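Next come the chains, spelled out residue by residue.
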Amino acid sequence: MKRQDNSKLAAVSVCLLLCLVVAGLSLSLTNWEVSAAPEGKITGTVKLDGTAPHMKGIDMSKDPWCVKQHANDPAHLELVVVGKDNGLGNVVLYISEGLSGDALNAKPTAVPVFDQKNCLYTPHVLAMDVGQEFKVETSDQTAHNIHPEPNPLTGNIPWNQSQPPGAPPVTKSWKAVEMIHVKCNIHPWMSGYFAVVKGPYAITGEDGSYTIENVPPGSYTVTAWQETYGNQTAKVTVAGGQSAKADFTFKAK
Amino acid sequence: MHDMSAPAVHHHAPPTSFIRKHVFSLDHKVIGKQYYDMALVAAIIGMILSWIMRIHLAWTNAAIPGLQLLSKTGAPGGVLTPEYYLQLMTMHGTIMVFFVLTTAPFAAFGNFFLPIQVGAEDMPFPHFNMMSFWVTFTGFIVLLASFFVSDGPTLGGWTQYAPLNAVGAIAGPGQGMGVILWMASIALFCVGQLLGSLNFIPTTLDLRTKGMSLMRLPLTTWAWFITSCMGLTAFAVLMPACILAILDHVAGTSFFVPSNLVISDQLQQHSGGSTLLWQHLFWFFGHPEVYIAIIPGIGIVSHILITNMRRPLLSHRVIIYSMGALAVLSYMVYGHHMFVSGMNPYSALAFSFPTLIITIPATIIVLIQIFSLYGSKLRINSASLFALGFISMFVSGGVSGFFLAQPSIDIMLHATYFVVGHFHMVMAVAAMFGIFAGTYFWAPKMFGRMMNETLGKIHFWLSFVGAYCIFMPFHYLGIVGNVRRYSVFVDDYLQPLLPVHKFITVAALLTGAAQAIFLYNLIHTRFWGKPASDNPWEGTSLEWSTTTPPPFDNWGGKLPVVYHDPYQYGVESSVGDYVMQASPEQVKTENDEQ
Amino acid sequence: MAKLFAVTIIVIAIASAIPIIMHTWSAPEDISIHGPIIDDQMSETMAEAGIAFLAAQFVLAIFIWMFAKPNPGGKIKKFPGGATGLVIGAFLIVGIEVLALGVFGAKVWADVYLSPPGANAMPVQVQAGQFAFYFRYPGPDGKFAAIHPNLIDESTENFFGIDTTNDPDAKDDIVTAEFAIPVNKEIHLLMHSKDLGHSFYVRELRVHQDFVPGLDVSLHFTATKIGKYEIVCTQLCGLGHYNMKAYLEVMSQDDFDKWLKQQAAAQ
Ligand code: HEM
Ligand SMILES: [Cu+2]
Ligand SMILES: [Cu+2]
Numbered sequence: 000m001k002r003q004d005n006s007k008l009a010a011v012s013v014c015l016l017l018c019l020v021v022a023g024l025s026l027s028l029t030n031w032e033v034s035a036a037p038e039g040k041i042t043g044t045v046k047l048d049g050t051a052p053h054m055k056g057i058d059m060s061k062d063p064w065c066v067k068q069h070a071n072d073p074a075h076l077e078l079v080v081v082g083k084d085n086g087l088g089n090v091v092l093y094i095s096e097g098l099s100g101d102a103l104n105a106k107p108t109a110v111p112v113f114d115q116k117n118c119l120y121t122p123h124v125l126a127m128d129v130g131q132e133f134k135v136e137t138s139d140q141t142a143h144n145i146h147p148e149p150n151p152l153t154g155n156i157p158w159n160q161s162q163p164p165g166a167p168p169v170t171k172s173w174k175a176v177e178m179i180h181v182k183c184n185i186h187p188w189m190s191g192y193f194a195v196v197k198g199p200y201a202i203t204g205e206d207g208s209y210t211i212e213n214v215p216p217g218s219y220t221v222t223a224w225q226e227t228y229g230n231q232t233a234k235v236t237v238a239g240g241q242s243a244k245a246d247f248t249f250k251a252k
Numbered sequence: 000m001h002d003m004s005a006p007a008v009h010h011h012a013p014p015t016s017f018i019r020k021h022v023f024s025l026d027h028k029v030i031g032k033q034y035y036d037m038a039l040v041a042a043i044i045g046m047i048l049s050w051i052m053r054i055h056l057a058w059t060n061a062a063i064p065g066l067q068l069l070s071k072t073g074a075p076g077g078v079l080t081p082e083y084y085l086q087l088m089t090m091h092g093t094i095m096v097f098f099v100l101t102t103a104p105f106a107a108f109g110n111f112f113l114p115i116q117v118g119a120e121d122m123p124f125p126h127f128n129m130m131s132f133w134v135t136f137t138g139f140i141v142l143l144a145s146f147f148v149s150d151g152p153t154l155g156g157w158t159q160y161a162p163l164n165a166v167g168a169i170a171g172p173g174q175g176m177g178v179i180l181w182m183a184s185i186a187l188f189c190v191g192q193l194l195g196s197l198n199f200i201p202t203t204l205d206l207r208t209k210g211m212s213l214m215r216l217p218l219t220t221w222a223w224f225i226t227s228c229m230g231l232t233a234f235a236v237l238m239p240a241c242i243l244a245i246l247d248h249v250a251g252t253s254f255f256v257p258s259n260l261v262i263s264d265q266l267q268q269h270s271g272g273s274t275l276l277w278q279h280l281f282w283f284f285g286h287p288e289v290y291i292a293i294i295p296g297i298g299i300v301s302h303i304l305i306t307n308m309r310r311p312l313l314s315h316r317v318i319i320y321s322m323g324a325l326a327v328l329s330y331m332v333y334g335h336h337m338f339v340s341g342m343n344p345y346s347a348l349a350f351s352f353p354t355l356i357i358t359i360p361a362t363i364i365v366l367i368q369i370f371s372l373y374g375s376k377l378r379i380n381s382a383s384l385f386a387l388g389f390i391s392m393f394v395s396g397g398v399s400g401f402f403l404a405q406p407s408i409d410i411m412l413h414a415t416y417f418v419v420g421h422f423h424m425v426m427a428v429a430a431m432f433g434i435f436a437g438t439y440f441w442a443p444k445m446f447g448r449m450m451n452e453t454l455g456k457i458h459f460w461l462s463f464v465g466a467y468c469i470f471m472p473f474h475y476l477g478i479v480g481n482v483r484r485y486s487v488f489v490d491d492y493l494q495p496l497l498p499v500h501k502f503i504t505v506a507a508l509l510t511g512a513a514q515a516i517f518l519y520n521l522i523h524t525r526f527w528g529k530p531a532s533d534n535p536w537e538g539t540s541l542e543w544s545t546t547t548p549p550p551f552d553n554w555g556g557k558l559p560v561v562y563h564d565p566y567q568y569g570v571e572s573s574v575g576d577y578v579m580q581a582s583p584e585q586v587k588t589e590n591d592e593q
Numbered sequence: 000m001a002k003l004f005a006v007t008i009i010v011i012a013i014a015s016a017i018p019i020i021m022h023t024w025s026a027p028e029d030i031s032i033h034g035p036i037i038d039d040q041m042s043e044t045m046a047e048a049g050i051a052f053l054a055a056q057f058v059l060a061i062f063i064w065m066f067a068k069p070n071p072g073g074k075i076k077k078f079p080g081g082a083t084g085l086v087i088g089a090f091l092i093v094g095i096e097v098l099a100l101g102v103f104g105a106k107v108w109a110d111v112y113l114s115p116p117g118a119n120a121m122p123v124q125v126q127a128g129q130f131a132f133y134f135r136y137p138g139p140d141g142k143f144a145a146i147h148p149n150l151i152d153e154s155t156e157n158f159f160g161i162d163t164t165n166d167p168d169a170k171d172d173i174v175t176a177e178f179a180i181p182v183n184k185e186i187h188l189l190m191h192s193k194d195l196g197h198s199f200y201v202r203e204l205r206v207h208q209d210f211v212p213g214l215d216v217s218l219h220f221t222a223t224k225i226g227k228y229e230i231v232c233t234q235l236c237g238l239g240h241y242n243m244k245a246y247l248e249v250m251s252q253d254d255f256d257k258w259l260k261q262q263a264a265a266q
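Residue numbers (numbering that gives the first Met the number 0), protein chains in the order written: chain A, 0 to 252; chain B, 0 to 593; chain C, 0 to 266.
If you're looking for bench data, these hints aren't it; they were derived computationally from the structure.
Just so it is clear, the structure is predicted and the values come from calculations on it, not from any experiment.
Note that beta-carbon positions come from the ideal geometry of N, C-alpha and C, so glycine has one too.
Fair warning: there could be bad hints in the mix.
[Claimed, not checked] A few chain B positions that, by computed beta-carbon distances, are all more than 10 angstroms from chain C: (1) Ser149; (2) Thr232; (3) Ala414; (4) Ala506; (5) Tyr562.
[What the hints assert, rightly or not] Partner residues aside, some chain B positions facing chain C, computed with beta carbon under 10 angstroms: (6) His248; (7) Thr252; (8) Glu584.
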């Protein structure tokens, strides 16, 4: 008898709880949608001024498997990647000033993937938001270790983990804004970056073009970061539903 | 001649509470059993780790179910990563060397039997003795704790070479907190064993009962005494070395880290330290340590063989002197671990000769043990089988020492599986056989019950054949040049050796499984075994003169008086072919070798 | 039981010796000038240790067979000569054996390690680091540029931390991942570790030496056979230890010159 009473109580409370959750959820969702004006975007191109520096070839002979993968396609360093019309690839663009509230704090749900392929990193630079999960995978039949080396003062914690052939992906995230160098000690030439930023971001393709989506209207400072040449900034104003333009030029050293 | 005055005995009343009786006990017998049980747990953990390693080496991509529960990053989906292999290997080696091979034959049996064999009521400093166990136990817990810190135990091997042991997590998983815990654990262990040695030495020297002259001490007592003298010097060197390594981590010192190291592209802030300094400190401890592990085994095996051959060894003194020579020489040979380490090549020669010379006392011991069998009346039982197995293994492990003693050959064999085969033969198998022999032999006195002989013999056969199947092929691998401490054999050169590795793994799993027989036998015996008489093996030394199990003060208030040399076998007496040390009966001594 | 045990010991002893006698598993063929004496020393030791091993196991087995008596009667006997005989025997036989091994072994060691490199030896530097070896040839000026640890940057392939902009010695240094050497030419290998303890082991070359961080050591040897051989690290250096290797290419002098030119162009 007593037991039945209890179960009734439980059922009622569960119903109540569910109602609460649904109400809260819809509230928060509507709230978010209402506050958001139509978003704009920032686009542009990043170019290199001058002749592209010579990228040294990579001697992979310590690992015969890697050598085999590059038999017809010699590998080169990717410190500066220049495409057609001097477009500069692998440049990370993000809004360094002017964002606030949800636009700053929202975490994208997409999970970017950092692949170890033919003893190189694809992509060479992986951009992500603070707290955003990303995956490190391996497509190789040789073991790698993933060794990001953040500055411990930022709050990001260094780690170092092997990924032998066939190992499952490693899923991680970062706590603080930082351009984190990542390397493989087994293949010392393997070098890449985790570009951890706050808010919307983009990364240039080989032609140097980029688009930062989902930017609420406002005035911003956009920063372009390139691993060899460092930072450049530009001021832009984004109007609702419009696309603002910011181009950058890095001088070849 | 031991003289008229009664030996000084430390008196303390028997405890009454459960805690003082079984946990924080001052009784050397309880402490001995505590050491034994800890070693047993450690051995089980160490063996399970060795299975995991062996499976990984033979079938690299095999998932070991449940392993991911121990470490999600170390064994994703149950498949070991290379670093986790090394981490488990380090724990295997550390647990086995420190917490099994040093504790069981020396601290466990020594604690229980040394005071009894000299005719004392207890050790002179029972509180130190209690602390000795609990400090060691804490060390064990600290070591195990490193399984559960963020990136797991250290991967640096049981030798923890510098500067890998001092530069921190930049050098790899486990090299931060894992190393600190390892160092702390071993420093605690050293303190524990120092306290133990501090008790063993005065017990042997000062607490001998009336009539117990030094030469009347059984070989076991001599072995423990010599071992504790070594412990006193060896552990006293390792402990500060561990503390210095901890300081390198937490206090910014650079004892073991030289200037200008660039690890993973990052310039290190340390400067001025020496990496070879660690190797010298470690091996100054490390080589005596392996004798600390084996000399008690030599004593135990001699003692058991004598009892079962019904005759003393051809010479009592020569064995004692040889053990002493091993102990002294063991401090002069440690550099043979460092032939290609970059130390001055002239010192390689200086270390090579004592290493070769140390084979002489070792050979003398083995020859005396073997040739004493001649004309004896050997009784075959589990204890004597393991004792004879010890000799066979000690010979097998000893001859490979001839190779490693020579720097010129060490060029080929250093850091290969030949070394792994060599030290497993002597330490892992021979010393373990010593522990097994001691257990079958002394279980009646320690636990008051007889071990099951049939199970004991099955255990012996499987272990003896299995151990050869596991460890002999290691030597062959080493000769080909199979490098040790590799978690995977990836290259074309080592691939053809995989079948050998698979054979070893299968043998290791089967032999390991056979140890379950021992475990069952031991547990069953302790609770339900056949009660033992006071002297089931017709032994002569003092442990057989007291009751089974011995009373709290060992002698029921009346210290024994010793009338004879320890091993009066093969004589005519009122009870049979032996006269006990504590028996006033006259013997027409036939065994003048003593 | 005892007889079975004795037989088991003998069977195991013989079975253990068979792969050794048959050379089922043996070291790879030597390709160095100093190697043959090491190999001789090895086989001598193998013979002596093998005999000692078999003899000891056999005697042990025979005595177990003979003297394990389930129902013993009669007196125990003593081995003729007793302990004194054994001690003298051990001193004589083992003493002479180890003395011989020691003296000959010391000579081998001295030949390899205590002799200076010849005046014409070709200097090459090898640097070990987690988990790769890199090699450096001094180039036409014969001089190795100074190492600046703060300049070491693997992502730009400055493995040695040399200053190519300001240091004239650095301009012609040739850094490679492969260790190519001309055949029949003495090499003076200068060993440097940039981070931890590593080791340099080439089985075929009978060469094995640890790197000592903070202390540069050197080796010299001459390879006599053209071919490609594996260089492995044998000093536990971290998670990629098993993967730390490089390849030794022994070439004819012509091929080597060509190779070196190619590498110089790729710098
Ligand atoms: C159950 C039987 C055992 C097996 C199958 C086994 C197997 C192994 C294996 C595969 C290794 C790694 C070799 C390497 O990669 O270098 C190893 C290392 C080691 N083992 Fe055992 N082992 C066993 C028992 C023992 C025992 C009883 C001891 C006690 C002394 C011991 C002491 C060690 C030590 C000191 C190392 C070296 C660890 C290091 O390199 O830091 N093992 N063992
Ligand atoms: Cu890699
Ligand atoms: Cu290594």
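A quick look at each hint next to the structure:
1. Ser149: 15 angstroms, holds
2. Thr232: Holds: least Cβ distance 26 angstroms, greater than 10 angstroms.
3. Ala414: About 4 angstroms separates Ala414 of chain B from the closest Cβ of chain C, which leaves it inside 10 angstroms; violated.
4. Ala506: 13 angstroms, holds
5. Tyr562: 21 angstroms, holds
6. His248: 15 angstroms, violated
7. Thr252: 15 angstroms, violated
8. Glu584: 19 angstroms, violated
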